[in-house]
Amino acid sequence: MAEMQKQLQSLTEDYQKLQLELQSTVEARQKLESQLQENKGVQTEFSNLSDDANIYKLVGPVLLKQDKTEAVSAVEGRLSFIEKEIARIEKNLNEAQGKIEEKKIAIIRIQTLYQQQAQQAQAASS
Amino acid sequence: MAASPAGKEQSVDLGSLSLQQLTAVKKQLDDELEHLTNSFAKLRAAQAKFGDCIRSIKAGISSSTPGKMILVPLTSSLYVPGTLSHPNKAIVDVGTGFYVEKDSDDAEAFYKAKVDELGKNLKDLEGIVQSKSSNLRVIEDILRQKVISGSATTNPASHA
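Heads up: the protein sequence lines correspond to chains A and B, in order. 128 is the number that this note's numbering gives to position 108 of the first sequence; each next residue is one higher, with no gaps. 133 is the number that this note's numbering gives to position 107 of the second sequence; each next residue is one higher, with no gaps.
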C-alpha cells in the first residue's frame, strides 16, 4: 500500500509538471499568433501602398528610411519564420497533450487498484 | 480551446453531473469569462487609442497651415518649440516597428479602418461573452438546485 501511495504521488507530481509545461507552450503559441496577426496586418498595409511610399523602420530610438521592396521582403521573411515556429509549437503541443493523457491513464489505473486493495483489506479485516 | 468544452456541454445532461463536476465546470466557465472580459476591455482601450489618433489628426494636422508653432514633447514634462513644416503629412505606426508616411486623409482612413475592425471584433466578443454568461447562469441554477435538494435529502436523514 505504501509503495502504491508513493507511486501515485510521483505520478501526480509528473502530471503537474507536464501541465505546467503545456501551459507555457500554450502561452508561446498565443504570443506567436499575435505576432502573426500583427505581421499580416503590416503586409496588407504594405500591399495597399504605392511603390514610392516612404517607409521607415524603427531601430532603437530612430526611424530609418527603408525601401518598400526591402520592407516587404522583411515582413515576408518574418511571416514564414513565424509560421514555421507555429508548426513546431503545434507539434510540441500535441506531444505534451499525448504525454498528459498517458499520465492521466496511469494515475487512474493506480487509483482504482489502490481502491480495490483498500476494499479487500477492509473486507479481510471485517 | 474554448470551443471544445462548450460543444461537450451541449451533449451532456447537466443535471446528471455531480456537485463536484458542476463546480469544476463553473470554475472553468468563470475563468473563461474573466479572460474574455479582460480581452474585451483591452480591445476597448485599443479602439479608444485609435480614436484619439483620428482626433489628433483632425485637430492638429489637417486644419493647420505650414509654419504653425507647436510644442514638441521631448519627455512627458519637457517641451521644445517647433514649427509644423508639412501639415499634410503624418507618419503612421503600422506595427512591428514599421512606420509609413501618409497624408492626413490616408492616415485618418487608416485609423478609421482600425477602429471599425476593432468594433467588429468587439461585437463578436460581446456575443461570445453573453452566451458564456448565460451558460454560467444555467450552471449556477443547477448547482443551486442540487445544493437545495441535497440538503433536503440529508436533513431528514440526520433527524432520523
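Just so you know, the hints here were simulated from the structure itself, not pulled from any lab data. Everything numeric in this text was worked out from a predicted model, so none of it was measured. Backbone N, C-alpha and C define an ideal beta-carbon position, used for all residues, glycine too. Mixed in with the good hints there might be a few duds.
Straight-line C-alpha distance at most 16 Å; calculated EDC-like pairs for lysine to aspartate or glutamate [said to hold, decoys possible]:
| hint | chain 1 | residue 1 | chain 2 | residue 2 |
| --- | --- | --- | --- | --- |
| 1 | B | K138 | B | D78 |
| 2 | B | K115 | A | D72 |
| 3 | B | K138 | A | E65 |
| 4 | A | K77 | B | E127 |
| 5 | B | K84 | B | E152 |
| 6 | A | K85 | B | E127 |
| 7 | A | K60 | B | E152 |
| 8 | A | K88 | A | D72 |
| 9 | B | K140 | A | E65 |
| 10 | A | K77 | B | D119 |
| 11 | A | K60 | B | D119 |
| 12 | B | K84 | B | D132 |
| 13 | B | K68 | B | D132 |
| 14 | A | K119 | A | D34 |
| 15 | A | K85 | B | D78 |
| 16 | A | K37 | A | E90 |
| 17 | B | K75 | B | E127 |
| 18 | A | K85 | A | D72 |
| 19 | A | K88 | B | E134 |
| 20 | B | K140 | A | D72 |
Non-contacting residues of chain B with respect to chain A, defined by C-beta distances greater than 12 Å in every case (computed) [claimed, not checked]:
| hint | residue |
| --- | --- |
| 21 | Q73 |
| 22 | G145 |
| 23 | S159 |
Anything over 10 Å on all C-beta distances counts as not near chain B; from chain A, calculated [to be verified]:
| hint | residue |
| --- | --- |
| 24 | A22 |
| 25 | T32 |
| 26 | T45 |
| 27 | A48 |
| 28 | L52 |
| 29 | E65 |
| 30 | F66 |
| 31 | L78 |
| 32 | V79 |
| 33 | Q86 |
| 34 | F101 |
| 35 | K123 |
| 36 | I128 |
| 37 | Y134 |
| 38 | Q137 |
| 39 | A141 |
Indices of hints not satisfied (ascending): 5, 7, 13, 15, 16, 17, 19, 20, 29, 30, 31, 32, 33
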